[in-house]
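K.L.:
Each residue of the sequence shown is one higher than the last, beginning at 1 in the numbering used here.
Don't read these hints as lab results, they were simulated from the structure. Note that beta-carbon positions come from the ideal geometry of N, C-alpha and C, so glycine has one too. Incorrect hints may appear among the rest.
What the hints assert, rightly or not - Okay, the calculated beta carbon distance ranges per label pair:
id, residue 1, residue 2, range
1, 278, 139, 43 to 51 Å
2, 276, 396, 27 to 35 Å
3, 188, 123, 16 to 24 Å
As the list claims (entries may be wrong) - In silico DSSO-like links for lysine-lysine, alpha-carbon gap of 27 Å or less:
id, residue 1, residue 2
4, 95, 54
5, 381, 54
6, 95, 311
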Amino acid sequence: MRACHSAAVMLVIACVLISCSSGEVESDAGIAVPVLALSAEPIFVLGEDGTPEKMFSSVVARRTASGEVVVGDMASVTVTSFLPDGSFSGIIAGKGTGPGEVEGRFIMELPFTDTLVTVGIPPGSPPDVSLFSLTDGFVERVRMHAPNGQPPLTGAAYLGLGNFLVERGLGFTPISTLPDPPALIPDSATYGILRTAGKDGEASLVWLPAVQRFSLFTYHWPGGVVPVTMSLHAAGHRTYVVASGSIVWVVESGSGSLSAYDTDGESVVTSTLPLVPRPFDPAALVRAREAAVSRAASARDSSGAMAMYDKAILPPSMPLVSEVHSGPDNGLWLRVFELEPGNPQHFIGVNSAGEVFAQAMVPAGLAVQQFGPDYVLGVMKDERDVPSVVVYSMATGQ
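Please model the entire structure based on the sequences and the hints provided.
P.N.:
The following block contains the structure:
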């Protein structure tokens, strides 16, 4: 086991960072943290231009090492590739039930240089994992069979060499009775590493420690089809389980603890993010509630927004991070939590040893989907809510 214990100090994330585009920021303990500057404008934009291939709706995108961009669209249920100049290259997968097709909503990742992965999201799509070569197309579709009669499995990510990150069960748990509001319902999950049948013909499964993935909160729904309903608590603490290359990372947003596991299920890194917990500011809570209500698309959403910021169901401190993305070389990029989004988004990079090595300020409004070695890819929506895939170059800090 390799352990890395970061100093419990706070990164300098105050106003000076927002106006900083390059150089280094030094923490209270004297740790120099490079700020990797992004380009002022995107270096690549893939958006609506009148052609059917670019009429995106609900998309996930990834950029390859050679500069091609692969886009998965949940509405059209397609996976399409585009050349570095933005021109259409071809359809990798389309809607269907056969090998090399996608049946409904799916997760899409590019964990290795030439391997594209799609994972079906139940209940609309079977929880199978499909592997594609960017040069040769469809390779294999793997159904997540648990060995020795264990519970059903849902695929979560591909770790390479026949290893898969899986979740126990089918990805959702029915709840028969909701507690009276305001109340929290913890959502627990157990992940494991499945090694599919090798030369000996036997598969193996190693379970990782169970986690509380997130919390749901209950609230009254005046005039709704049911008097009490529930939603995800976006301001609550949660645990992220993310595959980066062949490593599985477990990140607790409340404590900042990091744990990494190899494909044998062995712990290889333990660390703690050098971020100090911050209390909720009462005035900021009021503004956040008002902003959430103004964005609500329905009466149910409005009721949920009003209820979520109730002090009775808030944790004692704000989450430290609100997004976790895989990074190059088995690392991570994590977004520092902000109760009131709108300013440039602050991300910190963690290397494979669990150490913070860099940070970046990402434009507000960009839904980040991928951190590459020298770029950030995300989705930006226009005033009509039409998405475009954009790429910003990012300094390497070398």
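K.L.:
All hints, please: hold or fail.
P.N.:
We went through each hint and held it up to the structure:
no. : hint                  : in the structure
1   : 278 / 139: 43 to 51 Å : holds (46 Å)
2   : 276 / 396: 27 to 35 Å : holds (28 Å)
3   : 188 / 123: 16 to 24 Å : holds (20 Å)
4   : 95 / 54               : holds (17 Å)
5   : 381 / 54              : holds (14 Å)
6   : 95 / 311              : violated (45 Å)
Checked against the numbered hints given earlier, this structure breaks only hint 6.
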